[in-house]
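Novice: Given next are the chains, with one letter for each unit.
2 protein chains.
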Amino acid sequence: MRNIPGVTCVALIISVLVNILGSHGGKILVFPVDGSHWVNMNLLIKGLHARNHNITVVRSTSSWYVKEKSIHYTSITIPLPEVISIEDQDFFVSFLQKMLEIQQGGASVLAFISFYWEMLTSLSEIHRQASQLVVEMFRNALLMQSLQDTQFDLVLMDPGLPGGVLVAHQLQLPTVFNVRWITSGEGHFIVAPSPVSYVPTSGYAVPDKMTFTQRAKNMFHYFLNICIDTFVVSPHYNRLCTQYFGPDTNFYHLLQSIDIWLMRVDFVFEFPRPTMPNIVYIGGFQCKPSKALPSDLEEFVQSSGDHGVVIMSLGTLVKGLPIEITSEIAAAFAQIPQKVIWRHLGEQPKKLGNNTLLVHWMPQNDLLGHPKVKAFVAHGGTNGIYEAIYHGVPVVGLPLLFDQFENLLRLELRGAAKVLDVTKLTSQGFLQALQDVLQDPSYRSNMERLSRLHRDKPLQPLDSAFFWIEFVMRHKGAAHLRTESCKMPWYAYHSLDVISFLIVSVLAVLATVAAMFHILCCRPCRTRKLKQE
Amino acid sequence: MRNIPGVTCVALIISVLVNILGSHGGKILVFPVDGSHWVNMNLLIKGLHARNHNITVVRSTSSWYVKEKSIHYTSITIPLPEVISIEDQDFFVSFLQKMLEIQQGGASVLAFISFYWEMLTSLSEIHRQASQLVVEMFRNALLMQSLQDTQFDLVLMDPGLPGGVLVAHQLQLPTVFNVRWITSGEGHFIVAPSPVSYVPTSGYAVPDKMTFTQRAKNMFHYFLNICIDTFVVSPHYNRLCTQYFGPDTNFYHLLQSIDIWLMRVDFVFEFPRPTMPNIVYIGGFQCKPSKALPSDLEEFVQSSGDHGVVIMSLGTLVKGLPIEITSEIAAAFAQIPQKVIWRHLGEQPKKLGNNTLLVHWMPQNDLLGHPKVKAFVAHGGTNGIYEAIYHGVPVVGLPLLFDQFENLLRLELRGAAKVLDVTKLTSQGFLQALQDVLQDPSYRSNMERLSRLHRDKPLQPLDSAFFWIEFVMRHKGAAHLRTESCKMPWYAYHSLDVISFLIVSVLAVLATVAAMFHILCCRPCRTRKLKQE
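Just so you know, the sequences run in chain order A and B. Each step along the first sequence adds one to the number in the numbering used here, with nothing skipped, and position 324 is 324. Each step along the second sequence adds one to the number in the numbering used here, with nothing skipped, and position 139 is 1139.
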């Protein structure tokens, strides 16, 4: 398949054919986010394809996980003029190493500021690229006309990179988000009231019951996130809004006006908080019963006897921890009677025990569902956490990046995980944490309780996602479920104008009364006084 | 059956027998509210009974709709020493007449204040009675011991009269509310953030998109409701909290701490607004497909030919409107080609046409589901409105009391109803409204759109109610879905302490900088000046 400027040729032809021939299902335009986010979106796409919908996925020439060819979707590949592959593993490894250095206290204030600055620059660059994808689409009149002609029923998108809302707005299509993170924070903060007195903000790992200091810090993080949104993220998209839709269209209002938020959250795991009628919770929609293990892995697992197995994985983004840390972990593993399966990509750690099997990839869900798996050493990405909850396996947490600290804190507060600081990790500390989770039955029973609650739903999360996607297609939106309060000026939304008016009115009444009192009572006194003089 | 002090004897024996013999279902203690509320609760009770649960209903000797004997439940009858039957129809007729007089402008300011005072006194008396029921239960050690021994799984209650929460707290039972109204307002206001800038408060019929004046009035109503709650309603229950649970137990916290709110709301009808994870929407759970009409009624309906039928009902509470008004209505009905079925209890109106059939009772749901029924003249009670939405029948609204004004405004804003002011009703005006709704197809098509949206649910509202009631029974509560933020002091909840601290800190920093500037810059100047002098 050869790319013509701005769009994959065959994709267009298929897309138009679909339109001409018609279909019993709907036509869905998908804007995914790469990396682990794609794992989630792809699951939805496969399900929607199986339900007879025609899916068109918008990807860029720098897409990493999102392949051009698939039996489940047609793709439109946008060539980005300048490809900075931020979805490169090395980027995250170097990012992680700098962060570990700072957390270990080995960096100066200047290094910290420089690291933070670099982080913001990267964030800005990611969103500049994402907005550039929109520019490339809008510039391509042929593509835009073809998208218009296809008469899509819906835009389904991951607003982690939210450019797709501009395309959806241009095509006047109802939109569904598959979301947890949006622009620079957790999705709820854009659309639902979020009292910072008990709702921890993104980037601050803190319980929902906070001390005064924690509440003050939480508010600081809240304003920090607003600043990042306002000055780092939104300008990229607001510029395009002004350019293509005129000065009255605000990027934030576009985000807030979408129909359904399929939120990858479950309150078994997340702290309870205010929500909105158009937020549908699909946390753990990727979870499924485990399948049989490959025979060699099953043999290894069975060889663990009654002691069982511990599995370890640090997710898709990070290739590996520094060898000093992995060697401490390996030494601890070597001391436990359990067998260990460790998904490990970097340099082989020293002090590796005979009980430990290093693998480049493992069937994580099938292992977690295996009765012999006793604990899961995890970095705290949401996919892995939901799988652990689904199968009721307690966790030893090694948070590294992003939301992983917050995620693991939630599990720890529910008594289902022990969390360690990777920058202070010692063999002894790791061993102690492992033994706690393996030997204290409360970790397992708490995780099993979460599992029972998580599985007990009137409609399974994936079915819920399909229902609401198809609901929006059937009814051409879900306007009755969303407020337009976001379009109010902020002072009106918070009633500050009314409160000011009431205060001024009360003061005016008091002042009038005081003045009248002064005129009626004091003046005669003064007159009498003057007369007496 | 003879009442022993404070409890029906046989009920107790059955209750204990149920406990001894065991059951596959659960044991549910129900605190209902009488009148139209009971219609809803009874539907849940019948369903739960059919699902093999054992239901015990707490009623008083003055109960009106809630019968002592039923095949679906066992009852416990609490003899109230002083029976003031506020659930008497005459009470509402006289109440309505006074209100009509005031609305027609025929009453002085003094009469208005006296009417409002009377309303508050009645409200206080209703809650005094409801709290007295709790006192009678707590005083009866035999009853309380028997309730304890029965080991109920759940308290299910309508918190319109919220005394049951005290009993649930005493018995330490998980609790589910079947709710729309609670104490003096709409249930959401107790448990979910409710920005008064776009959430209309109870008792103020206004759209969600308000002018500045409307927002100011909405805030006034909000504070009025808080005052009524604080000074008229809560004292009755807070006194009991202090008496039985000590000074640390707050009645409001008990309300806010219950497990699941089965909210009789659907956003097809209600304005979208913030909600909470433990609110489950079951609006319209009473709706069901229509059955065949009795043969005589079917014959009457069929005799309408292509013109069809208009039906009219003003609900269960109001016996009838003054004859001057009903005669205007009758005269208008006489002029339309449709046949009319009118549920009417009072004096026969003058000018009644041949096309109008007065009945004492009608199978409202079966009529609304009949294809010949073209319009519904209704008072705007929620049960009737949900039935009209379910069957897609447009409404001519005659709101009389309570929430009926707000309910009908919502339908009107959706283009599915025409609402009239009953105090200014003329034959001509009523005829015009009827003809509009009958002849302009938009009313019907809007109502049918609402009907399609309302019926398109992944789980029907009644099934949702059963699921969540049984969920709470299975897991002994749903603590993971409710925040405990309500237990924070109000200033902390709203972060006022943090904001004050931050403001003071900023001011302190500014003051310090200013002082240092003063010391460093101005003092040398002054010194120089002094020296020069």
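There could be a bad hint or two in this list.
In silico DSSO-like cross-links for lysine-lysine, where the CA-CA straight-line distance does not exceed 30 Å [stated by the list, open to error]: (1) A/Lys476 - B/Lys1027; (2) A/Lys476 - A/Lys46; (3) A/Lys217 - B/Lys1487; (4) A/Lys457 - B/Lys1027; (5) B/Lys1457 - B/Lys1487; (6) B/Lys1350 - A/Lys209; (7) B/Lys1351 - B/Lys1067; (8) B/Lys1027 - A/Lys209; (9) B/Lys1098 - B/Lys1487; (10) B/Lys1067 - A/Lys457; (11) A/Lys476 - A/Lys291.
Covered by chain B, according to a simulated footprint, are these stretches of chain A (three or more residues, beta-carbon under 8 Å) [what the hints assert, rightly or not]: (12) 342-354; (13) 483-491.
Hint data in this document are derived by calculation from the structure and do not stem from the laboratory. Bear in mind that the values here come from a model prediction, so they are computed numbers and not experimental data. Cβ coordinates follow ideal geometry from the N, Cα and C atoms, glycine included.
Novice: Are A/Lys476 and A/Lys291 close enough, with their CA atoms no more than 30 Å apart?
Specialist: Answer violated: A/Lys476 to A/Lys291 is near 38 Å, above 30 Å.
Novice: Has the given pair, B/Lys1098 with B/Lys1487, been kept, meaning a C-alpha gap of at most 30 Å?
Specialist: violated, 41 Å
Novice: Mind checking the alpha carbons of B/Lys1067 and A/Lys457 for me, to see if they're no more than 30 Å apart?
Specialist: At roughly 35 Å apart (the allowed maximum being 30 Å), A/Lys457 and B/Lys1067 break the hint.
Novice: Check whether the Cα positions of B/Lys1457 and B/Lys1487 lie no farther apart than 30 Å.
Specialist: Distance ~34 Å between B/Lys1457 and B/Lys1487 Cα, so the pair is violated.
Novice: Can you confirm whether the C-alpha distance between A/Lys476 and A/Lys46 stays at or below 30 Å?
Specialist: Cα-Cα ~22 Å, so holds.
Novice: Hey, B/Lys1027 versus A/Lys209, does the alpha-carbon distance stay inside 30 Å?
Specialist: Answer violated: B/Lys1027 to A/Lys209 is near 34 Å, above 30 Å.
Novice: Decide if the proposed pair is consistent with the structure: A/Lys217 and B/Lys1487, CA atoms, cutoff 30 Å inclusive.
Specialist: holds, 21 Å
Novice: With the threshold set at 30 Å, check whether the alpha-carbon distance from B/Lys1351 to B/Lys1067 stays at or below it.
Specialist: Answer violated: B/Lys1351 to B/Lys1067 is near 39 Å, above 30 Å.
Novice: Given the hint that B/Lys1350 pairs with A/Lys209, test it: the Cα-Cα distance must not exceed 30 Å.
Specialist: Violated, because 66 Å separates the two Cα atoms, which is more than 30 Å.
Novice: Holds or violated: the stretch 483-491 of chain A covered by chain B, criterion of 3 or more residues with Cβ-Cβ distance under 8 Å?
Specialist: Satisfied; 4 residues make the cut.
Novice: Hint check: A/Lys457 vs B/Lys1027, CA-CA at most 30 Å. Holds or violated?
Specialist: Cα-Cα ~22 Å, so holds.
Novice: Hinted pair, alpha-carbon criterion (30 Å max): A/Lys476, B/Lys1027. Please report holds or violated.
Specialist: At roughly 44 Å apart (the allowed maximum being 30 Å), B/Lys1027 and A/Lys476 break the hint.
Hint violations for this structure: numbers 1, 5, 6, 7, 8, 9, 10, 11, 12, all remaining hints satisfied.
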